[in-house]
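Protein chains: 2
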Amino acid sequence: MLYVKNLSDVQMLIREKFAGVQMPAELIMLDEALDRVLAEDVAFTEYIPAFDRSTVDGYALKGSDVFGCSDAMPAILKMVGEALMGKHTEIVLQAGQCVSVPTGGEIPQGADAVVMLEDTEDFGDGTIGVRKPCAPGANLIFRGDDGKPGGGIYKKGKRIHAVDIGTLAALGLTILPVRKKPRVVIISSGDELVNADDPLTLGTVRDVNGPMLKAAAQEHGASTRFYGIVKDDQLSLERAVRQAIRDCDILVLSGGTSAGVKDSIPETIAKLGDLYVHGVAVKPGKPTIFGQIEKIPVFGLPGNPVAAYFMFLLLVKPLLDSMLGAEPDEKQSVFSLACAVSSNQGREDIVPVIIEGEQVYPIIGKSGLITTLAGADGYFRIARDREGLKKGEPVEVILFKE
Amino acid sequence: MLYVKNLSDVQMLIREKFAGVQMPAELIMLDEALDRVLAEDVAFTEYIPAFDRSTVDGYALKGSDVFGCSDAMPAILKMVGEALMGKHTEIVLQAGQCVSVPTGGEIPQGADAVVMLEDTEDFGDGTIGVRKPCAPGANLIFRGDDGKPGGGIYKKGKRIHAVDIGTLAALGLTILPVRKKPRVVIISSGDELVNADDPLTLGTVRDVNGPMLKAAAQEHGASTRFYGIVKDDQLSLERAVRQAIRDCDILVLSGGTSAGVKDSIPETIAKLGDLYVHGVAVKPGKPTIFGQIEKIPVFGLPGNPVAAYFMFLLLVKPLLDSMLGAEPDEKQSVFSLACAVSSNQGREDIVPVIIEGEQVYPIIGKSGLITTLAGADGYFRIARDREGLKKGEPVEVILFKE
Numbered sequence: 000m001l002y003v004k005n006l007s008d009v010q011m012l013i014r015e016k017f018a019g020v021q022m023p024a025e026l027i028m029l030d031e032a033l034d035r036v037l038a039e040d041v042a043f044t045e046y047i048p049a050f051d052r053s054t055v056d057g058y059a060l061k062g063s064d065v066f067g068c069s070d071a072m073p074a075i076l077k078m079v080g081e082a083l084m085g086k087h088t089e090i091v092l093q094a095g096q097c098v099s100v101p102t103g104g105e106i107p108q109g110a111d112a113v114v115m116l117e118d119t120e121d122f123g124d125g126t127i128g129v130r131k132p133c134a135p136g137a138n139l140i141f142r143g144d145d146g147k148p149g150g151g152i153y154k155k156g157k158r159i160h161a162v163d164i165g166t167l168a169a170l171g172l173t174i175l176p177v178r179k180k181p182r183v184v185i186i187s188s189g190d191e192l193v194n195a196d197d198p199l200t201l202g203t204v205r206d207v208n209g210p211m212l213k214a215a216a217q218e219h220g221a222s223t224r225f226y227g228i229v230k231d232d233q234l235s236l237e238r239a240v241r242q243a244i245r246d247c248d249i250l251v252l253s254g255g256t257s258a259g260v261k262d263s264i265p266e267t268i269a270k271l272g273d274l275y276v277h278g279v280a281v282k283p284g285k286p287t288i289f290g291q292i293e294k295i296p297v298f299g300l301p302g303n304p305v306a307a308y309f310m311f312l313l314l315v316k317p318l319l320d321s322m323l324g325a326e327p328d329e330k331q332s333v334f335s336l337a338c339a340v341s342s343n344q345g346r347e348d349i350v351p352v353i354i355e356g357e358q359v360y361p362i363i364g365k366s367g368l369i370t371t372l373a374g375a376d377g378y379f380r381i382a383r384d385r386e387g388l389k390k391g392e393p394v395e396v397i398l399f400k401e
Numbered sequence: 000m001l002y003v004k005n006l007s008d009v010q011m012l013i014r015e016k017f018a019g020v021q022m023p024a025e026l027i028m029l030d031e032a033l034d035r036v037l038a039e040d041v042a043f044t045e046y047i048p049a050f051d052r053s054t055v056d057g058y059a060l061k062g063s064d065v066f067g068c069s070d071a072m073p074a075i076l077k078m079v080g081e082a083l084m085g086k087h088t089e090i091v092l093q094a095g096q097c098v099s100v101p102t103g104g105e106i107p108q109g110a111d112a113v114v115m116l117e118d119t120e121d122f123g124d125g126t127i128g129v130r131k132p133c134a135p136g137a138n139l140i141f142r143g144d145d146g147k148p149g150g151g152i153y154k155k156g157k158r159i160h161a162v163d164i165g166t167l168a169a170l171g172l173t174i175l176p177v178r179k180k181p182r183v184v185i186i187s188s189g190d191e192l193v194n195a196d197d198p199l200t201l202g203t204v205r206d207v208n209g210p211m212l213k214a215a216a217q218e219h220g221a222s223t224r225f226y227g228i229v230k231d232d233q234l235s236l237e238r239a240v241r242q243a244i245r246d247c248d249i250l251v252l253s254g255g256t257s258a259g260v261k262d263s264i265p266e267t268i269a270k271l272g273d274l275y276v277h278g279v280a281v282k283p284g285k286p287t288i289f290g291q292i293e294k295i296p297v298f299g300l301p302g303n304p305v306a307a308y309f310m311f312l313l314l315v316k317p318l319l320d321s322m323l324g325a326e327p328d329e330k331q332s333v334f335s336l337a338c339a340v341s342s343n344q345g346r347e348d349i350v351p352v353i354i355e356g357e358q359v360y361p362i363i364g365k366s367g368l369i370t371t372l373a374g375a376d377g378y379f380r381i382a383r384d385r386e387g388l389k390k391g392e393p394v395e396v397i398l399f400k401e
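Heads up: the protein sequence lines correspond to chains E and D, in order.
Using numbering that gives the first Met the number 0, read the first sequence as starting at 0 and increasing by one per residue.
Using numbering that gives the first Met the number 0, read the second sequence as starting at 0 and increasing by one per residue.
One chain only, chain E, in its complex shape:
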């Protein structure tokens, strides 16, 4: 029998052991920055925008010149010039004057507001009638409204999405320091396993975990290598592990389900390094292994693909986040349980769900069927001390990544 640990204790242990391990920074082009994690704080080094800009087509003027004007009694201003798009204007506006400005154009010195074109009339004699009063600041973005030198915008650890690419472009940051992607090596092991493109003979099954865990690690910010299926003997496994350790930041072994693998994975870790965890009080996922070889965290995930996927999300993914110095990017939402779910005291349960409206339906299947997850939208956890959940109880669902 395994000496099992609580899931949350194992999560804490992983955090403690590898809290200090962070990927080094590398410089990349902004064009390649989508989904990467900032390695340094980003602050403004200049005024954005660099000049007072109009947000409409109209006339830049002094608000005090048009105070109290109306349709019946327009204010008459002298048009003294035109601000051109993308050009600096040297005009300095005096009382009683206005300057034509396009949306986005620089307003001249001395102006403090812009009146919209549709609220004016061009009398054709070099004067403009303004029919609507205009408070100082109206229809303007002031120099530095988007940011001032020294003002912070992003903290390190920020994941870069499309809008951030826009903001970083606005700052002129075309070369960015981001965290290197953790290198995750995945090894499948088990005598019953064959590759997905190998012929299937009776008694063998295709390796599901190798391709699945590779995709999952990739989806969560890692660069990945799949070492393939290693035969289930201590020597083959040890050779593969020794090689992988020199080539990765996290090593993920996935046991087949054979009795031999169950032993050879923990034995290999114990021989080459330290075995910390051998069994977790969680369903599915009990035969989960965690240790360390030469500073590299090593996971032994269950052969059952549903268990392997959940243990990846609950143990490996948080470590990836922490190595990237990134906040977890999980989306959680509370739903009402559409039917009662039973649970055993003494272990935590991980329950995949389908979301329908504001309700979730638990997916209860036989252990080890990969199709269990094919339609799932996310999962929730049932605490170790609960015997089950009632219909209608609120549950906090962690949504799968889209």
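Please note that the accuracy of each hint is not assured.
Since copy identity is lost for identical chains, a pair holds within one copy or between any two.
As the list claims (entries may be wrong) - Using 25 Å as the maximum straight-line C-alpha spacing, the simulated SDA-like pairs for lysine to any residue come out as follows:
no.: 1; residue 1: K270; residue 2: R224
no.: 2; residue 1: K147; residue 2: Q108
no.: 3; residue 1: K230; residue 2: E81
no.: 4; residue 1: K285; residue 2: F141
no.: 5; residue 1: K365; residue 2: Q344
no.: 6; residue 1: K155; residue 2: P23
no.: 7; residue 1: K400; residue 2: Q108
no.: 8; residue 1: K154; residue 2: D196
no.: 9; residue 1: K330; residue 2: E218
no.: 10; residue 1: K365; residue 2: Y226
no.: 11; residue 1: K147; residue 2: L199
no.: 12; residue 1: K330; residue 2: F50
no.: 13; residue 1: K330; residue 2: L33
no.: 14; residue 1: K330; residue 2: K400
no.: 15; residue 1: K294; residue 2: T54
no.: 16; residue 1: K86; residue 2: P135
no.: 17; residue 1: K400; residue 2: D376
no.: 18; residue 1: K155; residue 2: G19
no.: 19; residue 1: K154; residue 2: A375
It should be emphasised that the hints constitute simulated quantities derived from the structure, not laboratory data.
Add chain D to chain E, keeping to what the hints say.
Showing chain D alone in chain E's frame:
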């Protein structure tokens, strides 16, 4: 003045005009399939698993042989062999017999249940004592439990996530038909724009929309090309558009904010094809343009980056989904509004929000500041006929993609 259309009318128009346009299929390796969209239904062509498998280490037996056994009165069975991992066994089990099986191993013909090792005792004389009754089917996955020939698993249009990679591997599908990525060409235009790595002179601003819209299209399943900043004259724009049209499935022009561009984009579309929409009753996003040139949908998005981003999500993204034949992958969730928000009747409002617990805080900023979106988690819409929303009202938030 623009003749403005309702946002939902524009969305419907785009759907109608391009409902029949779908990307052709291409074959890719399973290894490259993450985030791609299936072009055909996927069904099982064989039994998965191909044989009855044990889910525990133990003994395969006939349930009827151990009915009523207990610690005090174990059932005694003759062990007639061992099922080996990954090997087919020729043994046919008779009454009173059992066979040792590992987790994941094939159980022999004649057996209908597996008893766990810990509920048995090996008497060392070729007989096994079973201390716990075992219903037929216990601790077994039957042939075909994960899938039977002809059984459906994925519909075309399914987006492939990490767990699906696992399922597809289980089916032996290493080469997959997926929809080709729509090719999106992005062109920025405006005399005030310079590239993010160009020197900034007074009156100019860096192009935000080009890099941002490229990243957004990429994030939503497109392959993208940025044609750069085109000078704001009809001739340059027309030349760039004529070239782009031959090279893309969707063309996205992003007006600078200059008065010239406002005219030259719709004029170019009208000259080379059909201009359908010139103005949408939405804030932000009013100066949005939509048309068609030689079967290619053409968008003219506002220069204001916040408006451009929302109009991308609300108009271009649904078209990408439809060309991929994919269901929208937006995640929506209902939150309570943390403070009142005003709105004008006669136009729809798009309000970016920050989520805190079960509440959302609207981000109210000056129009056109890209930093408005830097911390946003999603957005909600205020219908055209509403004058505003009260504090505490429930709002349906569309979450930004992580």
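Next item on the list: Against the structure, test the hints numbered earlier, and report the numbers of the ones violated in rising order.
Entry: 7, 10, 12, 15
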